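2 protein chains.
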Amino acid sequence: MISVEEARARILASIVPVGIEIVPLSLASGRVLAEDIRARLTNPPQDVSAMDGYAVRANDPDPRRVIGATAAGHPFTGRIGPGEAVRLFTGSVLPNGADAVVIQEDVARDDDLITVRELAQPGQHIRRKGRDFNEGDVMVAANTRLTPRHIGLIAASNHAWVPVRRMPVVAILATGDEIILPGDPLAPGCIVSSNSHALAALVRACGGQPLLLPIARDTLAAIAEAADSARHADLLITSGGASVGEHDLVARALASRGMVLDFWKIAMRPGKPLMHGKLGEMPMLGLPGNPVASYLCAVLFAKPALERMLGLHGAPPKRVAARVVSDLPENDRRADHLRCKLITADDGQLEAHLHGMQDSSMLRALADADAVILRAPFAPALPAGAAVEVIRLDDLGL
Amino acid sequence: MISVEEARARILASIVPVGIEIVPLSLASGRVLAEDIRARLTNPPQDVSAMDGYAVRANDPDPRRVIGATAAGHPFTGRIGPGEAVRLFTGSVLPNGADAVVIQEDVARDDDLITVRELAQPGQHIRRKGRDFNEGDVMVAANTRLTPRHIGLIAASNHAWVPVRRMPVVAILATGDEIILPGDPLAPGCIVSSNSHALAALVRACGGQPLLLPIARDTLAAIAEAADSARHADLLITSGGASVGEHDLVARALASRGMVLDFWKIAMRPGKPLMHGKLGEMPMLGLPGNPVASYLCAVLFAKPALERMLGLHGAPPKRVAARVVSDLPENDRRADHLRCKLITADDGQLEAHLHGMQDSSMLRALADADAVILRAPFAPALPAGAAVEVIRLDDLGL
Chain A
7 MISVEEARAR ILASIVPVGI EIVPLSLASG RVLAEDIRAR LTNPPQDVSA
57 MDGYAVRAND PDPRRVIGAT AAGHPFTGRI GPGEAVRLFT GSVLPNGADA
107 VVIQEDVARD DDLITVRELA QPGQHIRRKG RDFNEGDVMV AANTRLTPRH
157 IGLIAASNHA WVPVRRMPVV AILATGDEII LPGDPLAPGC IVSSNSHALA
207 ALVRACGGQP LLLPIARDTL AAIAEAADSA RHADLLITSG GASVGEHDLV
257 ARALASRGMV LDFWKIAMRP GKPLMHGKLG EMPMLGLPGN PVASYLCAVL
307 FAKPALERML GLHGAPPKRV AARVVSDLPE NDRRADHLRC KLITADDGQL
357 EAHLHGMQDS SMLRALADAD AVILRAPFAP ALPAGAAVEV IRLDDLGL
Chain B
7 MISVEEARAR ILASIVPVGI EIVPLSLASG RVLAEDIRAR LTNPPQDVSA
57 MDGYAVRAND PDPRRVIGAT AAGHPFTGRI GPGEAVRLFT GSVLPNGADA
107 VVIQEDVARD DDLITVRELA QPGQHIRRKG RDFNEGDVMV AANTRLTPRH
157 IGLIAASNHA WVPVRRMPVV AILATGDEII LPGDPLAPGC IVSSNSHALA
207 ALVRACGGQP LLLPIARDTL AAIAEAADSA RHADLLITSG GASVGEHDLV
257 ARALASRGMV LDFWKIAMRP GKPLMHGKLG EMPMLGLPGN PVASYLCAVL
307 FAKPALERML GLHGAPPKRV AARVVSDLPE NDRRADHLRC KLITADDGQL
357 EAHLHGMQDS SMLRALADAD AVILRAPFAP ALPAGAAVEV IRLDDLGL
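Taken in sequence, the protein lines are chains A and B.
The first sequence begins at 7 in the working numbering and counts up by one.
The second sequence begins at 7 in the working numbering and counts up by one.
Don't take each hint at face value.
Repeated chains share a single entry, so a pair holds when one copy, or any two copies, can fit it.
Below, computed lysine-lysine pairings styled on BS3-like, alpha-carbon distance capped at 30 Å [what the hints assert, rightly or not]:
no.: 1; residue 1: Lys324; residue 2: Lys347
no.: 2; residue 1: Lys135; residue 2: Lys278
no.: 3; residue 1: Lys135; residue 2: Lys324
no.: 4; residue 1: Lys347; residue 2: Lys135
no.: 5; residue 1: Lys284; residue 2: Lys347
no.: 6; residue 1: Lys278; residue 2: Lys347
no.: 7; residue 1: Lys135; residue 2: Lys284
no.: 8; residue 1: Lys324; residue 2: Lys271
None of these hints come from the bench; they were simulated from the model.
From a predicted model like this one, the values you see are computed outputs, not experimental measurements.
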């Protein structure tokens with residue numbers, strides 16, 4: 007059995023980033039930028055007004071004569087001379103000759119003459135050319151997951167097209183004679199396939215494109231043929247059949263197609279049987295069949311793998327500090343992941359309340375959990391009130 | 007000027023939830039469930055084994071004779087009598103007559119006889135019928151934003167179709183003679199439209215469907231006609247033209263189409279000009295033209311409005327505690343939102359580092375910010391090290 011950290015490192019080492027595609031700006035949010043985006047213009051393009059008011063020469067005496075006005079898209083093209091002013095608005099280009107803007111609330115206007123109530127300082131209320139960015143500046147760096155703010159920045163840089171990593175195709179294979187598709191008629195002894203659908207949703211949420219393979223029956227031939235359908239995927243994830251029981255055919259079936267097995271057991275609970283290997287160039291992850299273990303292994307291993315494919319780092323899920331409200335026993339050699347609810351206590355600290363049933367077949371308790379408490383191998387017993395680290399599933403959105 | 011809280015309450019009061027559509031399970035993640043999902047089956051459907059091993063009668067003496075085996079989807083249909091055992095695997099239905107499971111590691115097998123090394127307790131390693139859920143149980147409640155875990159739960163409940171709120175259509179209108187679309191040729195004095203593209207991405211991230219209207223020129227007729235194109239949207243958001251300057255035509259143009267104005271000024275910085283009204287049945291939000299104000303008003307007002315349309319509560323963005331590392335001056339009567347970076351200090355606390363330039367026209371500084379520090383109206387001056395509340399933009403994914 008290898009550790010969670012070693013397993014993740016070995017999985018990531020088998021991953022290469024996928025290629026690049028061009029998408030329209032409108033569809034780029036949430037995607038991972040593949041190349042730096044540089045500004046195609048300078049902003050502001052000239053010195054501009056930061057307020058609605060009048061462009062003036064700061065040191066001129068009052069009253070001043072208004073000799074023109076700007077409007078959005080229609081700059082004033084003349085020049086301000088001694089004792090002159092030009093009406094302008096936020097964002098208007100500062101007319102030649104002006105060195106300050108006075109705001110309209112500070113001005114008394116009588117026909118074309120204005121008097122300024124507050125002393126003007128040279129440079130006031132002017133946004134200088136390039137204050138936000140200059141042509142050629144890197145606006146968004148490659149390998150950034152794009153948010154709506156980045157989309158605004160790329161738009162302002164005058165780009166309509168965005169180079170992003172294409173969505174990695176993740177083939178998902180569920181195996182088992184007893185498995186049916188959701189909504190299909192239920193015979194006695196049957197189980198509805200749920201892990202593979204949760205996995206597909208997780209793959210999509212992480213920026214991948216799921217390819218849900220037909221359920222393979224429990225024969226070597228059926229599983230091997232299903233793997234053939236996955237040949238052009240970027241990653242194959244199998245669900246179930248990864249342990250060493252008599253009915254665990256996945257490893258043997260894939261071996262018949264040339265899979266090189268890396269490891270198949272990790273020191274983790276829930277989730278001991280986790281298989282990793284390569285089928286030709288394609289990495290494969292064999293997740294345990296049990297729902298909680300399947301989901302946690304996806305969060306701990308498949309999510310970083312997808313991120314690495316997208317050119318990101320593939321860091322483990324973020325941990326935050328919490329306070330456990332009940333005693334925790336000493337842990338054995340397997341890293342444990344205890345499902346819990348989080349409550350913000352009166353002192354502002356997060357309190358972790360363990361679910362009564364930690365049975366890893368319990369899908370419903372998993373859906374209710376806010377977080378998992380991390381228990382390192384051989385972690386000592388902890389009293390109620392002790393500090394623990396948790397992974398917030400609610401914040402992950404997964 | 008009304009407060010941020012009153013503005014949000016008045017906006018939410020103008021919103022009704024949108025209708026329901028049916029989507030396939032594979033496309034339901036991230037959508038908001040419109041009706042309770044109830045289990046169509048019981049899980050486990052019978053008492054089943056929690057381990058790979060043998061079904062036995064706990065109090066029988068060893069050795070026991072193995073009279074059969076189960077396999078996934080192929081239950082053992084006989085009955086276990088005195089001194090008998092049946093080979094079975096995790097999830098196998100417990101054969102009639104058995105009252106315990108012994109795990110394979112604890113068993114010595116010699117041909118069809120087994121000897122159990124550990125004393126068996128009645129009920130051990132059995133998952134009882136319905137332990138996870140029972141037919142008819144509410145598995146996921148209406149008005150839940152679905153995550154991959156919910157998708158697993160809905161699949162396990164044997165549903166292939168999911169009733170969700172349809173995506174609210176949000177018409178986005180940018181106005182201005184000087185505005186061009188990203189990538190279009192740039193003439194002097196022009197500005198590339200960026201707010202509306204950031205807004206469209208934000209609408210999509212919140213579960214809405216953006217409808218990006220053509221840019222309206224600065225005439226009453228052009229803006230009124232653009233509003234006509236938005237007639238069947240669920241919400242109209244305008245970008246820019248919301249303040250009281252001479253070129254702010256939006257209110258007048260929409261009034262000519264019958265808009266009932268609710269308010270147009272809030273006690274907030276950046277973002278004072280925020281307009282809210284109704285055009286027939288359609289609510290409208292007029293966001294300020296300045297990029298940082300536009301974005302923050304979208305996070306504080308448009309996001310809750312969209313959530314309310316989806317049947318969610320529309321709560322304000324979550325706040326967390328942080329420690330500011332520099333002095334903050336006393337605040338005036340407008341709620342302030344200071345852009346900052348967050349760093350986790352050695353003691354585990356979040357430190358908020360203010361951006362040097364809080365100029366609200368600075369798109370690039372906004373994209374770099376991790377959070378905004380909230381400063382209530384008339385908040386007193388704070389020394390470096392004081393506690394503040396921040397909205398984490400990084401965690402929002404916006």
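message: Please list, smallest to largest, the hint numbers that this structure does not respect.
response: Those not satisfied are hints 3, 5, 7.
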